[in-house]
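Engineer: Construct the complete structure from the given sequences, taking the supplied hints into account.
For the protein sequence lines, the chains are A and B, in the order given.
Quick note, the first sequence lines up with residues 1 to 168 if you use the numbering used here.
Quick note, the second sequence lines up with residues 1 to 168 if you use the numbering used here.
The reader is advised that the hints may include incorrect statements.
Copies of the same chain are indistinguishable here, so a pair counts whether it falls within one copy or spans any two.
Computed cross-link-like contacts, EDC-like style, restricted to lysine to aspartate or glutamate with a CA-CA straight-line distance of at most 20 Å [what the hints assert, rightly or not]:
hint : residue 1 : residue 2
1    : 162       : 132
2    : 35        : 159
3    : 3         : 116
4    : 3         : 29
5    : 120       : 81
6    : 27        : 125
7    : 120       : 78
8    : 30        : 159
9    : 120       : 107
10   : 33        : 159
11   : 3         : 107
12   : 120       : 132
13   : 3         : 110
14   : 27        : 84
15   : 27        : 50
16   : 162       : 63
To be clear, the hints were calculated from the coordinates, so they are not data collected in a lab.
2 protein chains.
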Amino acid sequence: MTKLSMHAVSAPVFVRMLNNLSTILAKAEKHAKAKDVDPATLLNARLAADMFPLLRQVQIATDHAKGAAARLTGTQIEAIEDTETNFEQLQARIRRVVSIVASFRPEQFDGAENREISVKIPNAELKFSGLDYLNQWALPNFFFHVTTAYAILRANGVELGKRDFLMS
Amino acid sequence: MTKLSMHAVSAPVFVRMLNNLSTILAKAEKHAKAKDVDPATLLNARLAADMFPLLRQVQIATDHAKGAAARLTGTQIEAIEDTETNFEQLQARIRRVVSIVASFRPEQFDGAENREISVKIPNAELKFSGLDYLNQWALPNFFFHVTTAYAILRANGVELGKRDFLMS
Numbered sequence: 001m002t003k004l005s006m007h008a009v010s011a012p013v014f015v016r017m018l019n020n021l022s023t024i025l026a027k028a029e030k031h032a033k034a035k036d037v038d039p040a041t042l043l044n045a046r047l048a049a050d051m052f053p054l055l056r057q058v059q060i061a062t063d064h065a066k067g068a069a070a071r072l073t074g075t076q077i078e079a080i081e082d083t084e085t086n087f088e089q090l091q092a093r094i095r096r097v098v099s100i101v102a103s104f105r106p107e108q109f110d111g112a113e114n115r116e117i118s119v120k121i122p123n124a125e126l127k128f129s130g131l132d133y134l135n136q137w138a139l140p141n142f143f144f145h146v147t148t149a150y151a152i153l154r155a156n157g158v159e160l161g162k163r164d165f166l167m168s
Numbered sequence: 001m002t003k004l005s006m007h008a009v010s011a012p013v014f015v016r017m018l019n020n021l022s023t024i025l026a027k028a029e030k031h032a033k034a035k036d037v038d039p040a041t042l043l044n045a046r047l048a049a050d051m052f053p054l055l056r057q058v059q060i061a062t063d064h065a066k067g068a069a070a071r072l073t074g075t076q077i078e079a080i081e082d083t084e085t086n087f088e089q090l091q092a093r094i095r096r097v098v099s100i101v102a103s104f105r106p107e108q109f110d111g112a113e114n115r116e117i118s119v120k121i122p123n124a125e126l127k128f129s130g131l132d133y134l135n136q137w138a139l140p141n142f143f144f145h146v147t148t149a150y151a152i153l154r155a156n157g158v159e160l161g162k163r164d165f166l167m168s
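Structural biologist: What follows is the structure in structure tokens.
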């Protein structure tokens with residue numbers, strides 16, 4: 001019997017999708033090599049002039065994953081500087097965040113649905129219950145940035161399919 | 001006190017994001033009018049030649065929402081034909097799916113984490129527990145298509161921000 005818990009609807013989702021993102025980025029790097037494309041071209045590609053490029057999408061996706069795991073367990077968010085400039089470093093960042101998210105014990109999430117969580121955004125502070133934070137902030141933001149990373153690569157000709165996004 | 005339940009991590013998430021999608025599409029339609037752009041140009045826009053256009057992204061997003069609500073509650077999926085050709089019809093489809101998803105009582109989702117769910121995809125049948133189905137299929141697919149709809153519009157110059165995606 002599967003047990004529903006705040007852990008079960010958060011940490012494994014982040015870990016699975018981060019691993020999928022890692023596979024997607026590996027395919028992108030391989031594509032760049034095969035097509036003799038400068039990897040920086042993909043890493044700096046964006047869907048609109050005022051949207052973030054691929055590299056930043058990956059940084060933000062990982063930030064939402066580790067931010068959610070820390071906030072839901074009431075622990076300190078582990079800071080990671082945004083210094084990556086290539087695929088190898090992004091892969092290392094993803095591995096590090098997978099490791100952070102997976103390091104929490106399921107029971108550390110117990111009661112997280114009622115934890116008071118506040119998130120600072122420019123000029124405002126959002127206040128959520130843990131459940132609303134997960135449903136309305138952490139998961140939508142996380143999926144937004146993983147999907148946008150995938151979309152940037154698809155728009156730039158990298159051979160990816162929905163399967164890579166869902167179950168790579 | 002917030003209660004964690006299969007309902008709480010599914011139906012309200014779909015409803016909220018569908019309402020956000022509705023707002024995003026309303027802004028897109030307004031943009032087309034203001035810029036004297038044929039709405040069909042936006043509805044048929046895509047990020048890559050082998051990705052679905054905006055109109056189909058909205059249809060699929062709504063399908064995942066009503067499919068998830070039905071499968072998790074063990075009820076019949078209400079079929080909706082894919083006949084929309086304009087913004088008004090897409091808005092009606094979203095309203096209809098919001099109404100379907102919101103029509104289930106929370107207790108109909110009780111125990112859904114252990115419900116056996118199978119999903120037919122081309123040449124295969126996927127089997128999930130209800131929890132895995134939500135985490136690994138319904139939510140990732142749903143967010144994928146809502147985000148891609150947003151991304152198509154952003155790539156085509158519609159003035160939208162992350163806020164529209166998260167909390168419109």
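Engineer: State for each hint whether it applies.
Structural biologist: Evaluated hints:
1. Taking the closest pair of Cα atoms, residue 162 and residue 132 come within 20 Å of each other only across two copies (18 Å); inside a single copy the shortest separation is 28 Å, beyond that limit.
2. For the identical chains of this complex, residue 35 and residue 159 are intra-copy neighbours only, at 12 Å inside a copy versus 34 Å across copies, given an alpha-carbon limit of 20 Å.
3. In the homo-oligomer, the alpha carbons of residue 3 and residue 116 lie at most 20 Å apart only across protomers (14 Å), although the nearest pairing inside one protomer, at 23 Å, exceeds that limit.
4. For a Cα distance limit of 20 Å, the shortest separation of residue 3 from residue 29 qualifies neither inside one copy, at 38 Å, nor across copies, at 44 Å.
5. When the C-alpha separation of residue 120 and residue 81 is checked against a cutoff of 20 Å, the pair qualifies only within one copy, where the shortest distance is 18 Å, while the shortest distance between copies is 43 Å.
6. In this assembly of identical chains, residue 27 and residue 125 lie within 20 Å of each other by CA distance neither inside one copy nor across copies; the values are 38 Å within and 26 Å between.
7. Taking the closest pair of Cα atoms, residue 120 and residue 78 come within 20 Å of each other only inside a single copy of the chain (16 Å); across copies the shortest separation is 41 Å, beyond that limit.
8. With identical chains, the CA atoms of residue 30 and residue 159 are at most 20 Å apart within one copy only, with a shortest distance of 10 Å there and 34 Å across copies.
9. With identical chains, the CA atoms of residue 120 and residue 107 are never at most 20 Å apart, being 26 Å at best within one copy and 34 Å at best between copies.
10. In the homo-oligomer, the alpha carbons of residue 33 and residue 159 lie at most 20 Å apart inside one protomer (13 Å), although the nearest pairing across protomers, at 35 Å, exceeds that limit.
11. Proximity of residue 3 and residue 107 under a CA criterion of 20 Å is satisfied in both settings, with 12 Å inside one chain copy and 17 Å between copies.
12. When the C-alpha separation of residue 120 and residue 132 is checked against a cutoff of 20 Å, the pair qualifies only within one copy, where the shortest distance is 15 Å, while the shortest distance between copies is 31 Å.
13. For a Cα distance limit of 20 Å, the shortest separation of residue 3 from residue 110 qualifies both inside one copy, at 12 Å, and across copies, at 12 Å.
14. In this homomeric assembly, residue 27 and residue 84 come within 20 Å of each other (Cα to Cα) only inside a single copy, at 18 Å, whereas the closest approach across copies is 35 Å.
15. Taking the closest pair of Cα atoms, residue 27 and residue 50 come within 20 Å of each other only across two copies (17 Å); inside a single copy the shortest separation is 26 Å, beyond that limit.
16. Only between protomers do residue 162 and residue 63 lie at most 20 Å apart by alpha-carbon distance; the minimum there is 16 Å, versus 23 Å within a single protomer.
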